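> Sequence:
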Amino acid sequence: MQENIKNFVENSKFQNFIIALIIINGITMGFETSKGFMESYGSIIHIFDKLVITIFTLEIMLRIYAHRVSFFKDTWSLFDFAIVAISLVPSTGGFEIFRILRVIRLLRLITVVPQMRKIVMALVSVIPGMLSIAGLLMLLFYIFAIMATQLYSESFPLWFGTLGESFYTLFQVMTLESWSMGIVRPIMEVHPYAWTFFIPFIFMVTFIMINLIVAVVVDAMAEINKDETSCVVEEIHTHEDHTALQLKALQLEIRELKELVREKL
Numbered sequence: 001m002q003e004n005i006k007n008f009v010e011n012s013k014f015q016n017f018i019i020a021l022i023i024i025n026g027i028t029m030g031f032e033t034s035k036g037f038m039e040s041y042g043s044i045i046h047i048f049d050k051l052v053i054t055i056f057t058l059e060i061m062l063r064i065y066a067h068r069v070s071f072f073k074d075t076w077s078l079f080d081f082a083i084v085a086i087s088l089v090p091s092t093g094g095f096e097i098f099r100i101l102r103v104i105r106l107l108r109l110i111t112v113v114p115q116m117r118k119i120v121m122a123l124v125s126v127i128p129g130m131l132s133i134a135g136l137l138m139l140l141f142y143i144f145a146i147m148a149t150q151l152y153s154e155s156f157p158l159w160f161g162t163l164g165e166s167f168y169t170l171f172q173v174m175t176l177e178s179w180s181m182g183i184v185r186p187i188m189e190v191h192p193y194a195w196t197f198f199i200p201f202i203f204m205v206t207f208i209m210i211n212l213i214v215a216v217v218v219d220a221m222a223e224i225n226k227d228e229t230s231c232v233v234e235e236i237h238t239h240e241d242h243t244a245l246q247l248k249a250l251q252l253e254i255r256e257l258k259e260l261v262r263e264k265l
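The numbers in full-length UniProt numbering rise by one with no breaks, and the one at position 220 of the sequence shown is 220.
If you are wondering where the hints come from, they were derived from the structure by calculation, not from laboratory data. Among the hints, erroneous ones may be present.
As the list claims (entries may be wrong) - Below, simulated BS3-like cross-link-like pairs (lysine-lysine); rule was C-alpha separation at most 27 Å, straight line:
1. Lys73 - Lys118
2. Lys118 - Lys6
3. Lys13 - Lys73
4. Lys13 - Lys118
5. Lys226 - Lys118
6. Lys35 - Lys50
7. Lys258 - Lys248
8. Lys50 - Lys13
Said to hold, decoys possible - Derived DEER-like restraints, expressed as beta-carbon distance ranges:
9. Glu10 - Ile53: 18 to 26 Å
10. Lys50 - Met204: 48 to 56 Å
11. Thr206 - Val103: 49 to 57 Å
12. Tyr65 - Val103: 26 to 34 Å
13. Ser70 - Ile213: 32 to 40 Å
14. Val103 - Thr243: 47 to 55 Å
15. Val218 - Tyr65: 38 to 46 Å
16. Ala20 - Pro186: 49 to 57 Å
17. Glu177 - Ser40: 33 to 41 Å
18. Asn225 - Tyr142: 30 to 38 Å
19. Lys50 - Phe207: 22 to 30 Å
20. Ile213 - Lys50: 36 to 44 Å
21. Asn11 - Met116: 15 to 23 Å
If you're wondering where the values come from, they're calculated on a predicted model, not measured in any experiment. Just so you know, even glycine gets a beta-carbon here, dropped at the ideal spot from N, CA and C.
Assemble the whole structure, with the sequences as input and the hints as a guide.
Take a look at the structure:
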């Protein structure tokens with residue numbers, strides 16, 4: 001019974017059904033933001049929402065029964081359990097915030113879609129390296145923000161009047177959002193050599209640091225793919241070894257049968 005339930009919850013068709021249900025539920029949550037739509041179809045949406053959480057609850061219960069203690073040792077399973085538990089909390093009285101948090105139910109896609117789970121695992125694995133890059137990025141921001149405040153605060157107090165405003169303006173420049181016509185060229189009308197400040201900033205922060213972050217994430221994804229490939233190859237080798245042992249045992253049995261036949265003859 002336990003093995004049958006385990007095969008059922010791990011079946012690809014059941015997983016695809018859960019994925020489809022999460023996506024449809026996400027669409028209905030979007031419809032809930034429309035007052036006109038809710039006035040016409042609100043009762044149907046609420047019934048469907050209750051049906052979805054019922055199915056999710058049954059799924060979690062089946063998985064707990066199938067995996068027993070190992071369910072609570074798996075991080076992704078605990079993540080699913082927490083999301084479903086939040087959905088079960090009444091959204092009335094002092095718990096109205098949990099009605100808003102229902103939207104995190106969509107995060108279950110991460111656990112049921114392997115590709116998304118792989119990306120999250122890559123992001124988590126690069127956190128130590130990302131902290132070093134983030135520290136260096138903040139150091140560069142701090143240095144350039146101090147310089148910008150000292151250079152341009154009098155001429156452009158709205159953008160560089162304080163250190164915080166300089167941080168925000170430089171962040172806008174880093175994203176390349178209206179940085180040329182919106183910020184740098186007006187500054188260059190007052191300070192013709194301002195380009196000598198902004199071009200090195202963009203080059204170091206946007207082109208080097210941001211691309212370095214992307215490179216770290218890509219490298220982590222490659223490592224995860226490599227580990228998965230190694231696991232698959234190891235499983236294949238294990239299966240081949242097992243098959244070889246079975247073949248040798250079968251050959252031994254055939255030889256014994258031949259010897260018995262010869263003795264009888």
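> Name the hints, by number, that the structure is in violation of.
11, 19
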